[in-house]
Amino acid sequence: GNSVTQMEGPVTLSEEAFLTINCTYTATGYPSLFWYVQYPGEGLQLLLKATKADDKGSNKGFEATYRKETTSFHLEKGSVQVSDSAVYFCALPYSGAGSYQLTFGKGTKLSVIP
Amino acid sequence: DSGVTQTPKHLITATGQRVTLRCSPRSGDLSVYWYQQSLDQGLQFLIHYYNGEERAKGNILERFSAQQFPDLHSELNLSSLELGDSALYFCASSVEAGPFEQFFGPGTRLTVL
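Line by line, the protein sequences give chains A and B. Its first residue numbered 1168, the first sequence is counted upward by one per residue in the working numbering. Its first residue numbered 314, the second sequence is counted upward by one per residue in the working numbering.
If we strip away everything but chain A, and leave its shape as in the complex, we get (with noise of 0.2 Å):
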């Protein structure tokens, strides 16, 4: 079955260094990548999403290019922010009989200090 690996952390930056968040999966075919985003206290939030190989999926400074070669959707930005401080999941739909579950990473918790 599909299956993801990413990065645990938990990892701690300055404000405006650059972030990388290593994400690796396993799947048949080509399956959707998405990076979710869990603020603390709150639910998940769709953060970025790529549908095919070569898309690059952004959003609020963050990008996450799909590499069928690697088989990798690594998340990046540039310059984090102390808001940016959350726990960053990589997720792709498992399917099965006509269900299409989202198959989740362990989650990195990003703190951004001042």
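These are computed hints drawn from the structure, not numbers from a lab. Only a predicted model underlies this, so the values are computations on that prediction, with no experimental measurement involved. Mixed in with the good hints there might be a few duds.
What the hints assert, rightly or not - Distance ranges between label pairs, derived from CB positions:
id: 1; chain 1: A; residue 1: 1206; chain 2: B; residue 2: 330; range: 28 to 34 Å
id: 2; chain 1: B; residue 1: 329; chain 2: A; residue 2: 1235; range: 46 to 52 Å
id: 3; chain 1: B; residue 1: 323; chain 2: A; residue 2: 1228; range: 31 to 37 Å
id: 4; chain 1: A; residue 1: 1176; chain 2: B; residue 2: 388; range: 32 to 38 Å
As the list claims (entries may be wrong) - One side of the interface only, derived from the structure: several residues of chain A facing chain B at Cβ under 7 Å:
id: 5; residue: 1185
id: 6; residue: 1211
id: 7; residue: 1213
id: 8; residue: 1216
id: 9; residue: 1266
id: 10; residue: 1267
id: 11; residue: 1268
id: 12; residue: 1273
Glycine included, C-beta positions come from ideal geometry on N, C-alpha and C.
Chain A is already provided as a structure; the job is to place chain B on it using the hints.
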């Protein structure tokens, strides 16, 4: 705001009890997924309903059950509760049953004492 609502936000109960968690999907979404988030297991898929019918089961215990009603809201029933059932329970909705993004509710935090 994702448009998905969940009630209650917090629930504290005792072992052996039964609780019901409620989820209302985004307007127009036919699919409802339930997930459990715990420190040791991470985010785990429990069950998926599409337009009132069960589509898939994941790591859902036999003590747990769910249903989706004609108005598309869904309920997750947890019975004979154990300490280990303490977790955050999320529902998510999507427009169809395909590989589309899912929109998550704020979650219900269940504490079993």
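Now for the hints, and whether the structure bears them out:
A hinted range of 28 to 34 Å holds for the C-beta pair residue 1206 of chain A and residue 330 of chain B, which are about 31 Å apart. With their beta carbons about 50 Å apart, residue 329 of chain B and residue 1235 of chain A fall inside the hinted range of 46 to 52 Å. The hint said 31 to 37 Å for the Cβ distance between residue 323 of chain B and residue 1228 of chain A, and at roughly 33 Å that hint holds. The hint said 32 to 38 Å for the Cβ distance between residue 1176 of chain A and residue 388 of chain B, and at roughly 35 Å that hint holds.
A hinted interface residue such as residue 1185 of chain A counts as satisfied when its beta carbon comes closer than 7 Å to some beta carbon of chain B; here the least separation is about 26 Å, so the hint is violated. Among the interface hints, the one on residue 1211 of chain A holds; its C-beta lies about 4 Å from the nearest C-beta in chain B, closer than the 7 Å criterion. About 5 Å separates the beta-carbon of residue 1213 of chain A from the nearest beta-carbon of chain B, less than 7 Å, and the hint is met. Using the Cβ-Cβ criterion of 7 Å, the hint placing residue 1216 of chain A at the interface with chain B is satisfied: the shortest such distance is roughly 6 Å.
Here the hint on residue 1266 of chain A is kept, as its CB sits about 3 Å from the closest CB of chain B, short of 7 Å. Taking 7 Å as the C-beta cut-off, the interface hint given for residue 1267 of chain A holds, the closest approach to chain B being about 5 Å. The interface hint given for residue 1268 of chain A is met, as the beta carbon of that residue sits about 4 Å from the closest beta carbon of chain B, less than 7 Å. This hint holds: residue 1273 of chain A has a C-beta 5 Å from the nearest C-beta of chain B, less than the 7 Å allowed.
Checked against the numbered hints above, the structure breaks only hint 5 and satisfies the rest.
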